[in-house]
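A.B. asks: Sequence:
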Amino acid sequence: MKVNVATVSRALIQKAHDNNVTISNEDLALRVVAEFAKHDVTVKTTASCIAWYKSKMRKEGKIGQSASAKSIAFDINEIEFE
1 MKVNVATVSR
11 ALIQKAHDNN
21 VTISNEDLAL
31 RVVAEFAKHD
41 VTVKTTASCI
51 AWYKSKMRKE
61 GKIGQSASAK
71 SIAFDINEIE
81 FE
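If you count the sequence shown from 1, position 27 lands on 27 in this note's numbering, and the numbers rise without skipping.
Derived by calculation from the structure, the hints in this document are not laboratory data. Be careful, since some hints might not be right.
Derived pair list, reagent style PhoX-like, types lysine-lysine, alpha-carbon separation capped at 25 Å [to be verified]:
# : residue 1 : residue 2
1 : LYS15     : LYS62
2 : LYS62     : LYS2
3 : LYS38     : LYS59
4 : LYS38     : LYS15
5 : LYS44     : LYS2
These numbers come from a predicted model, not from an experiment.
Work the whole structure out from these sequences, hints included.
C.D. replies: Below is the structure:
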């Protein structure tokens with residue numbers, strides 16, 4: 001299976017999230033570059049790129065609070081203040 005930078009980046013972000021591991025965007029970017037270097041492929045991935053992928057994944061509900069957020073039925077008119 002052939003993969004691109006986006007696929008590897010998202011997989012590493014997801015793996016870190018699933019394992020509850022905190023790793024900086026810079027370190028994730030270095031790992032992406034290292035994975036491609038193993039195959040003699042040069043890529044330019046930065047911490048900013050990783051931040052963009054993380055943001056997109058949060059919006060998609062794949063990582064972050066929205067991935068496990070709970071919701072309830074809520075009617076603002078039923079709240080009373082004392």
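A.B. asks: Evaluate each hint against the coordinates.
C.D. replies: Evaluated hints:
Between LYS15 and LYS62, the direct Cα distance comes to roughly 11 Å. Compliance with the 25 Å bound is thereby established for this hinted pair. Between LYS62 and LYS2 the alpha-carbon distance is near 22 Å, which keeps this suggested pair within the 25 Å criterion. A threshold of 25 Å between alpha carbons decides the hint, and for LYS38 with LYS59 the separation of about 31 Å lies outside it, so the pair is violated. Pair hint LYS38 plus LYS15 holds up; C-alpha atoms about 20 Å apart against a cutoff of 25 Å.
At roughly 18 Å between alpha-carbon atoms, LYS44 and LYS2 fall within 25 Å of each other, so this suggested pair holds.
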